[in-house]
Each structure stands twice: as structure tokens, then as C-alpha cells.
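Asks: Sequence lines, in order, name chains A and B. Be aware that the first sequence starts at 1, since it is given in the UniProt record's numbering, and climbs by one per residue. Be aware that the second sequence starts at 1, since it is given in the UniProt record's numbering, and climbs by one per residue.
Read the hints as simulated data drawn from the structure, not as lab findings. For every residue, glycine included, the Cβ atom is placed at its ideal position computed from N, Cα and C. Treat the hints with caution; some may be incorrect.
Here are some chain B residues the structure puts well away from chain A; computed CB gaps all over 10 Å [unchecked claim]:
no., residue
1, Pro17
2, Asn22
3, Gln34
4, Arg38
5, Arg45
6, Gly152
7, Leu160
8, Leu297
9, Gly308
10, Arg311
11, Leu316
12, Gly317
13, Asp328
14, Ala333
15, Ser336
Only part of the chain B face toward chain A is listed, based on derived beta-carbon distances under 7 Å [said to hold, decoys possible]:
no., residue
16, Asp325
17, Leu330
18, His334
Now the stretches of chain A that chain B is said to cover, found in silico as 3 or more residues with beta-carbon under 8 Å [what the hints assert, rightly or not]:
no., segment
19, 29 to 43
20, 102 to 109
21, 161 to 167
There are 2 protein chains.
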Amino acid sequence: MMWAVIPAGGSGTRLWPASRRNRPKFLLPIPGPQSMLRATWERVRPLVAPHHCFVVTGAAHVAAVRGELPELAAEQIIAEPAPRGTGPAIGLAAFLIARHAPGALMGSFAADHYVADPEGFRRAVRAGLRAANEGYLVTIGIPARYPETGYGYIRLGEPLLVAEGLTVHRVQQFKEKPDRATAEQYVRSGEYCWNASMFLWRVDVFLDALRRLLPEVYAPLAAIAACWDAPEGQHCFQEHWPTIPEITIDHGIMERADQVAVVPAEFGWADLGDWHGLAQLLADDADDSVVLGCEHLGLDTRATLIYGGRRMVVTLGVENLVVVDTDDVLLVAHRSRAQEVREIVRRLEQLGRQDLL
Amino acid sequence: MMWAVIPAGGSGTRLWPASRRNRPKFLLPIPGPQSMLRATWERVRPLVAPHHCFVVTGAAHVAAVRGELPELAAEQIIAEPAPRGTGPAIGLAAFLIARHAPGALMGSFAADHYVADPEGFRRAVRAGLRAANEGYLVTIGIPARYPETGYGYIRLGEPLLVAEGLTVHRVQQFKEKPDRATAEQYVRSGEYCWNASMFLWRVDVFLDALRRLLPEVYAPLAAIAACWDAPEGQHCFQEHWPTIPEITIDHGIMERADQVAVVPAEFGWADLGDWHGLAQLLADDADDSVVLGCEHLGLDTRATLIYGGRRMVVTLGVENLVVVDTDDVLLVAHRSRAQEVREIVRRLEQLGRQDLL
């Protein structure tokens, strides 16, 4: 059995108006019926002893996270005083785990990714834990199926071991989100995986890497962990946390560490960053429409994503649309413009419409 | 000064989901801010003495009509026991007017038509009343500007008189809604008007025509009128009304009477039968979008009609759509399919969704 941390941050601006500041992507029932956070927890649960999971989230979302995961104890849900990226969030969890089990295996799993095949996911985790146990910092990679420019890539190095029918490779290189031509070349080569930002390691190995590579993160986290259970614990947390620089685990640790491995595995993973991607993922056929969360009556409707709630949505003679119906805002957009939803959010911010953000 | 009747019937199925059984077209704020019924009354009011107007409507709508026209007395709003078309509704009003003023001039004005230029409308009415005073049954015609297939047409006959700068003509013939080719021929000829279903006549002339042409309507109405103020008035009304056949004034009287005249006049009239027609009427330019009743933020949005309420509507990269946002249903349709909104209503009926009709 392993320990787990679920960093639950980010807002998912491109999924506005379903996602809002007070209802970030990981709280949305996409694709439903449960929230992405709850689906993440249920996916991980068979690998984790009951109280060996932490969720690190913004203070504003603690109540919602508790509502989604009532089986977690209060001390398993950690409220960041301010967002600092995945590096400090995962690092803090590692320190807290080390207090109980310094040599434990640990995994980190983003709260807002989609996985179609949870058992396939767990197989990949079990394979990765084999390498983690041998001292590797392990990431899970998704063999790149098409030239997606919205994901980071990982170039596979030599094979290290085989477990659960999967081959774990050394990582040759992490690559930033590529342009289209580069992405096409990556896919053609067959040597690249998408970076799914799921990590596995021994806590001692990770904390050692953190100490060497990010001392400016390590030191304040060590101070916070040292007084965690003391009466001044919260005060200490609030005092040190803001001094920590913002950094991701990918940039801060994985791209700079030596013993890094990747498990390429296919389990229907997707980031679901925008409405078009969601529609693409959920439609069996490119012409199919997808309806989430509401009643729908469609006459002559093609390739349209409908995300709704209370109201019935009726569509007539339309195609390639995204219709997102919430209590206070309705969005109707062409699917090809899904990335520009961010622009709408920016526009509303300029207009002072905080109520809609 | 004249008397007036406003028959407020019909449901306006093609304006669903804004129009419903309990919120027919004449109660909608199209184009707003007031309801079509209230706009009709305010348009007619300068021509009518305070208590010389009747509204004939379905029993289910009496309360709503009172709310829209609080200045009318209770007895001016007549609840039909069952819908019977404009013939009986207008006929009943004529009988009730005749009890006070048997030789009065009277006009009938549909409650759900749009008029851009109310003063132009009143000029046409005043011209028509001149011919009505001479014993003609008069209708107001709108010179056909384009080959609309959704309206009935009137072929102009010889000129009868000039008043208010308008020429009143004898009617040569009423024509049913034509096919496209016929409509084009009508428009080319310059001899045709659209039938706006507005009527002007002397009450005695009209009742005489009703007695001769529709005795099966005249007789029960006469019976109802005879006991209108008696204690058994309501009972008599409820008893006789259902025996009256359903018929419109156009078919029952105007198309069959001898002395029929028409005032061709241009005052921005439209029937606003469907969403596309409404968009066409209200957009200055064919590419313009039209927003009614809600906040709208549009990015790269063309030729789209948005009819909303409480919610903000945001559109991105769309064109030629109709978006109708109500409390319990949302409609997104291509403008070219506006006529098929009726089909949706039929479909919902089949599905037993009375709650949405």
C-alpha cells in the first residue's frame, strides 16, 4: 500500500462558465455524475490505506472538498494559505507523510484529469511503484496518440524493468508544450509520451531531491512540518508558506533530477482542458453530440456539446456548438473557438463582473 | 371617437419557448419593454374614449390581461368560455357596443402585431373610418414589400376616397397565403397588400353583414347579448357560446361581403410570427445581432437573435442563431429553421411534457 496526495488547485478558466473561482474544474461533475476530485479519489482508493491520503487545496475550497470526500478526516485536507504551484503542495504532503513513514511509497495525482479505465491506471501505478521502490522518481506517461500542442511531452530512454505487463523506461528528456510541427514529429517518432503529471516515488528519495534541487522550498517546508502538531503549527504555516517560491514539480524536480523514470501506459487519460477537448473525448463518433447533466431534445443537431443543469435544452438545426447553461450565465460558442473562452473571462474581468467569474 | 375591440387569442407556437399556453404571444414583451397587448392598447388609445374598448381573451388569461391593462374596467375584459376564432369574438364585442351606441364606429386590432410607427397607424385608421362611415367594411392593408408566404394578401380595386393623404380602395379580392412564385408575382404587380387583420366599420353595418352571412354566429351572439346584464347573463353566455362555430372574420365576413374597402398604409407593421421574422424586423443590418430582455456579451457574433431574461448570455464565434433563454427551457436553433419550432412543441406534447408547453 502507498500514500497519496491529490493537489487540487487551478481554476480551469477554459471551462467557464461551468468552472468559476468558487467552483474550480476539480469540483465539476465532468463527465459526471461525480466530481473530478471524487472520481480521482475513488480511482486511487484501492491503492491507499484509509487514512493515507492528503488533499492540498485553496482555503476557499476546503468546505467543498470536505463535501466531496466525507470519508477523509479533517487533517487530511490541507488548506494552502496561498497558491504556490504543485511543487510546494506536493512537497508539504511528502513532509507530512515522512513524519509517519519516512521510507513510504507515495504518489501524486492531479484532481482534475479524466481517466476512462481506472484499473488500467492502477496497473500503471503498480508498475511505476516498482521503479519508485528502486529509488527512481517516476512519472506516468501517456503514449502520444495525436499531435496535441496543449500537453508537455516526455522522451523515452532505455527500458529499466517490466512489471504488470508494462515497461518502465528511464526518462531521456522532458519537453515543453510543442508547436504543431514539433508535436507531429514527436508522434511520428513513437518515442514520446504526454506528461500526465502523475508522480510516484519513495518519500525519502523525493525529499532528498527536494533538498538538493529546491532548497528554497525545502527549508520553509521543513520548518512548517517541524511545528505541524505544535500549538503554533497554524501560525508557523501561515508565516512560512508565503515565503516559498511558486514552482511546479515538473520544472523544479523532475526535469532536473537524475534518476527519473516513466511508465508509458494507456488508460484513457485526458486533461479535459476545454469544451472542445471534452466533446472530442466523450463522443463515440465525430458527428455525435454529447449531453452532460441536463435533459436535451435535439432535432437535427450534430457534434454539439451540451453541459447543463436545471433547464431542458432544445437544439434545432445546429452543429459544432458548445452550449453551457448555468444558473447565471449561458454560453453558446462554436467548438472551434473553445480556447477563446479564456478571452471571455478576461473581458468579464475588465467589465468588473466579478459575480460571473 | 371610435369604439375598439382587441381580440387577444392565439398562442404563438413558433415563438416557443418564450410563448407558452399560459403566456401567449400577446403577453410577451416583444420587442419590449411592454407586452404586445399593452403596446396595442397604447397605440389605439388616442382614438378611443376611455371606456370604449373591449378585450376578448381566453378565461385563463383574464388575470394577466387585467395586469397589463389596469386602466380597463372589469367588464371591458371578456373571457371567452372557449376559443372560437376572431369571428365570434369580434361579433360579441359588436353586440355589446351596439347596446350603447348602435351606429358607432368600431375597430378591431389584433393584440399580437407589431407596429413601428403608431402615428402612421392612427392615420390609416382615421382614413379607414371615413370609408367605414360611408357603410364600408374596411380593412387595413400593408403594401407588400417582399414575397412573404406567411401572410394573406388583398388585391386592390378602384379608389374610393382620399383621406389623411391615403387612398382608400375597394377590395377586389382576398387571397390565401400564397406559394413563393405567386407571392413574387403579387409583389411585382404592385396591386397587392398584406392582410393585417385590422378592421373598421359601423357597428350597424357589421351586424347586418353578420346576420346575413353568418346567421349561425349571429343568433347565439344575439341571445348572449340580450341577457348580458341580466342575472342569468353568465349562464346564458356559457350555454350559447359553445354552440357557435369557429370562424375568422376574414373568412366569414370580409371575403364574402359586398362593400369591402382597404386602406393601404405603411406604418412598420409585422406579424412577428417566428424568431427569424423578429430578428429580420429588428436588425438594422442583416449582419446585426438583436438582443431582447437580457445582458449579452458577444465575441465575433453575427446575425443572431438573443431573447433572454435573468441570465447573462455570452456568444462566441456564432452566426445565424436564435437563442431563447427562459426559466425552464433553453432553445438554440439555426435561424433558417425558425418555422420548425412548431415541430418541437409537437414533439414535447408527444413526450407528455405539458410542463414545457
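Asks: Hints first: check each against the structure and report whether it holds.
Replies: Structure-based check of each hint:
| no. | hint | result |
| --- | --- | --- |
| 1 | Pro17 | 7 Å, violated |
| 2 | Asn22 | 17 Å, holds |
| 3 | Gln34 | 25 Å, holds |
| 4 | Arg38 | 27 Å, holds |
| 5 | Arg45 | 37 Å, holds |
| 6 | Gly152 | 27 Å, holds |
| 7 | Leu160 | 47 Å, holds |
| 8 | Leu297 | 7 Å, violated |
| 9 | Gly308 | 7 Å, violated |
| 10 | Arg311 | 5 Å, violated |
| 11 | Leu316 | 4 Å, violated |
| 12 | Gly317 | 4 Å, violated |
| 13 | Asp328 | 6 Å, violated |
| 14 | Ala333 | 4 Å, violated |
| 15 | Ser336 | 7 Å, violated |
| 16 | Asp325 | 6 Å, holds |
| 17 | Leu330 | 5 Å, holds |
| 18 | His334 | 4 Å, holds |
| 19 | 29 to 43 | violated (count 0) |
| 20 | 102 to 109 | violated (count 0) |
| 21 | 161 to 167 | violated (count 0) |
The structure fails hints 1, 8, 9, 10, 11, 12, 13, 14, 15, 19, 20 and 21 (numbered hints given earlier, in ascending order).
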